[in-house]
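Participant: Letter by letter, the chains look like this.
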Amino acid sequence: MPNHVSFVEKYLPYILIAPALAYMLFFIGYPLAEGLHLAFTVNGVFSLQNVEYLISSPFSKFWDALTDTFLLVLVIIPIQVAIALGLAMLFNMKFPARHVALYLVILPLTISDVAAGLIWYSMLSANGFFNKILLNIGLIHQPIYFFGYQYRPMEFLAIVITEVWRATAIVFVILFAGLQMISRDHIEAAEVFGATPWQRLRYIVFPMLKPSLQAALLIRTLFAFQIFGVVWVLAGRDIPILAGEAYYEQVELHHTGVAAIYALIIAAISISIGYVYIKLFKAQYLEEGR
Amino acid sequence: MVESSIVRYYLRKLVIAALVIVVVVWVVTPFIISMLYAFSSKDDYYSPNIIIPIHYTIQHVKMLLDLGATQAIINSVIVAVITILLSFALGLPAGYAFAKFAFKGKDSLKLLIIGLRMFPILVIAVPLVTLYIRLGLNDTLLGVALAHTSMALPFVIIISSSIFAGVPKELEEAAMIFGLDRKGAFFRITMPLALPGLAAAAIFTFIMSWNEVFIASVLTLTHRTLPAFILTSAMAAPDFIKFAAGFIMILPAMIFVFIARKYLITMWGITLK
Chain A
1 MPNHVSFVEK YLPYILIAPA LAYMLFFIGY PLAEGLHLAF TVNGVFSLQN
51 VEYLISSPFS KFWDALTDTF LLVLVIIPIQ VAIALGLAML FNMKFPARHV
101 ALYLVILPLT ISDVAAGLIW YSMLSANGFF NKILLNIGLI HQPIYFFGYQ
151 YRPMEFLAIV ITEVWRATAI VFVILFAGLQ MISRDHIEAA EVFGATPWQR
201 LRYIVFPMLK PSLQAALLIR TLFAFQIFGV VWVLAGRDIP ILAGEAYYEQ
251 VELHHTGVAA IYALIIAAIS ISIGYVYIKL FKAQYLEEGR
Chain B
1001 MVESSIVRYY LRKLVIAALV IVVVVWVVTP FIISMLYAFS SKDDYYSPNI
1051 IIPIHYTIQH VKMLLDLGAT QAIINSVIVA VITILLSFAL GLPAGYAFAK
1101 FAFKGKDSLK LLIIGLRMFP ILVIAVPLVT LYIRLGLNDT LLGVALAHTS
1151 MALPFVIIIS SSIFAGVPKE LEEAAMIFGL DRKGAFFRIT MPLALPGLAA
1201 AAIFTFIMSW NEVFIASVLT LTHRTLPAFI LTSAMAAPDF IKFAAGFIMI
1251 LPAMIFVFIA RKYLITMWGI TLK
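Chains as they are written, first to last, in our numbering: chain A, 1 to 290; chain B, 1001 to 1273.
Treat the hints with care, since some could be wrong.
Said to hold, decoys possible - Across the chosen pairs, the derived CB separations fall in these ranges:
no.	chain 1	residue 1	chain 2	residue 2	range
1	B	L1111	A	M93	31 to 37 Å
2	A	P58	B	P1238	31 to 37 Å
3	A	Y151	B	P1238	17 to 23 Å
4	B	I1006	A	Q150	52 to 58 Å
Claimed, not checked - Keeping only pairs whose Cα atoms sit at most 30 Å apart, straight-line, the calculated DSS-like set for lysine-lysine is:
no.	chain 1	residue 1	chain 2	residue 2
5	B	K1110	B	K1169
6	B	K1013	B	K1262
7	A	K94	A	K210
8	A	K279	B	K1106
9	B	K1183	B	K1110
10	B	K1013	A	K94
11	B	K1169	A	K10
12	B	K1106	A	K210
Keep in mind that the hints were calculated from the coordinates and are not lab data. For glycine and all other residues, C-beta sits at the position ideal for the given N, C-alpha and C.
Turn these sequences into a full structure, and let the hints steer you where they fit.
Facilitator: Below, the structure is given as structure tokens:
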């Protein structure tokens, strides 16, 4: 009987973890396998028809989607990191009502990308808040158009603004947590030895913040490549993106094989980024940085 | 010397206050404007001289609800509740195991789960369609909830593990010394102490599911959740209907987050996005 108890005790953690792990492995493993099947077979035989459609059909916006997604990521991420870094240092200081301000600043995180798109549509549309203010101040005499195919650069700008508004907060939360973990002793010691504010920042805060910065970068980059709701609400297919094209091919055109390729491409990009990250940096930071 | 340091002190305070105000205004203004516009009368919205609407109406929200948003809200709630039930049923035991046991391979298993959390879950939607058609799950709320569960599970495991780890081991050990077995200690000591945190985790799981649009839009056709309904139906609608749609979507998230605001930073750090 004692043997039996220790047997259960020994394997209990595995028994407790197994169902959840099996569930996740199935819901990720099966779609990946099925995705490959959908992408590279037509009527049960191997075929590159979907790939051909993807890269050379006039109906496919694959190359635009690939460039625009990367472009969005490259523009949005540095802005978010820069703002978040500034914000984290700002909130690391003491000021009245800090908790209220903190709560308000991370509020956009709680709403969906679709809602964020709709919110910024109300700000930037021709009859929106932004245009009305500028018109009434007299700074402009014609509304600035942000939406419509002929205004694509402005649509791009609207997407960047919305994403910066919506998702800078996650970078901020991670960096802020990292900043708060840095012991004041280090900084005070540097102060005692006469380090200037810039030197304290450069030689103490930044190096100690590096793990958080890496975690924040990884997480934001991964999700930036999945951008969908904001773009779809604000620009539709004017600014094609990978997830948007997957949605369009699947739901509007019923090209499941083509949609599956898009899905696989997003998965491949994410896995590559994650792989590079885990190779380069210690994995524990993932957890610490959350 | 003394004077200049006093001046610098107040200048510094002033700059900090100004920066904080700028940031808060930048974040909060769009929320307020979109809500005001959701209830603005048509004339006020289209009038170029009225920046802040004067006349308000609930007509747009009501129209949207009548057009199918009511059913979509019900669908969203059903999906979210099933997602919470499933992800907690599967995730809590795993979280407990990570928190309270030492076992071989623990670190690699935990890393695997963190890695799975990083997986771009929206890519599972397209291949799931063919499986769901075979299983009769296509265009069902259960099908969406099953997919949402795979999205929520890593979060539930990680967060519940840290919640369970926060319950002092001594309390459980004391309970076991006084005659409770592990199960009894769990249900009578650990669980009640972990409950507030778990309730917050349930709220965040709800919001995760409530906000998810890609999977829901791909997997449903007639049984749309709210984001899927808005993405497909309301987008062609006039502006004020869009604002009403935005309002309906953000309201529950804001209420729930306010309830669980104490946990906002720790949990949202883990849910990501």
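Participant: If you draw a straight line from the CA of B:K1169 to the CA of A:K10, is it 30 Å or shorter?
Facilitator: OK: B:K1169 and A:K10 at ~19 Å, within 30 Å.
Participant: Starting from the range 31 to 37 Å, see whether the pair A:P58 and B:P1238 falls in it by beta-carbon distance.
Facilitator: holds, 32 Å
Participant: Do the alpha carbons of B:K1013 and B:K1262 lie within 30 Å of each other, as the hint requires?
Facilitator: With a Cα-Cα distance of about 27 Å, the restraint between B:K1013 and B:K1262 holds, given a limit of 30 Å.
Participant: Would you mind confirming whether the straight-line C-alpha gap from A:K279 to B:K1106 stays at or under 30 Å?
Facilitator: Holds, because 20 Å separates the two Cα atoms, which is no more than 30 Å.
Participant: Please verify whether A:K94 and A:K210 have alpha carbons no more than 30 Å apart.
Facilitator: Status holds; Cα separation ~23 Å.
Participant: Do the alpha carbons of B:K1013 and A:K94 lie within 30 Å of each other, as the hint requires?
Facilitator: holds, 9 Å
Participant: Does the Cβ-Cβ separation between B:L1111 and A:M93 fall within 31 to 37 Å?
Facilitator: For A:M93 against B:L1111, whose Cβ atoms are near 35 Å apart, the range 31 to 37 Å holds.
Participant: Between B:K1183 and B:K1110, is the straight-line Cα distance small enough, at 30 Å or below?
Facilitator: holds, 23 Å
Participant: Take a look at whether the Cβ-Cβ distance between B:I1006 and A:Q150 falls inside 52 to 58 Å.
Facilitator: Since B:I1006 and A:Q150 have Cβ atoms about 57 Å apart, the given range 52 to 58 Å holds.
Participant: Would you say the C-beta atoms of A:Y151 and B:P1238 sit inside 17 to 23 Å of each other?
Facilitator: holds, 19 Å
Participant: Need the status of pair B:K1106, A:K210: alpha-carbon distance at most 30 Å?
Facilitator: holds, 26 Å
Participant: Holds or violated: are the alpha carbons of B:K1110 and B:K1169 at most 30 Å from each other?
Facilitator: Within the cut-off at roughly 20 Å; holds.
Against the hints set out earlier in the document, no violation occurs for any number.
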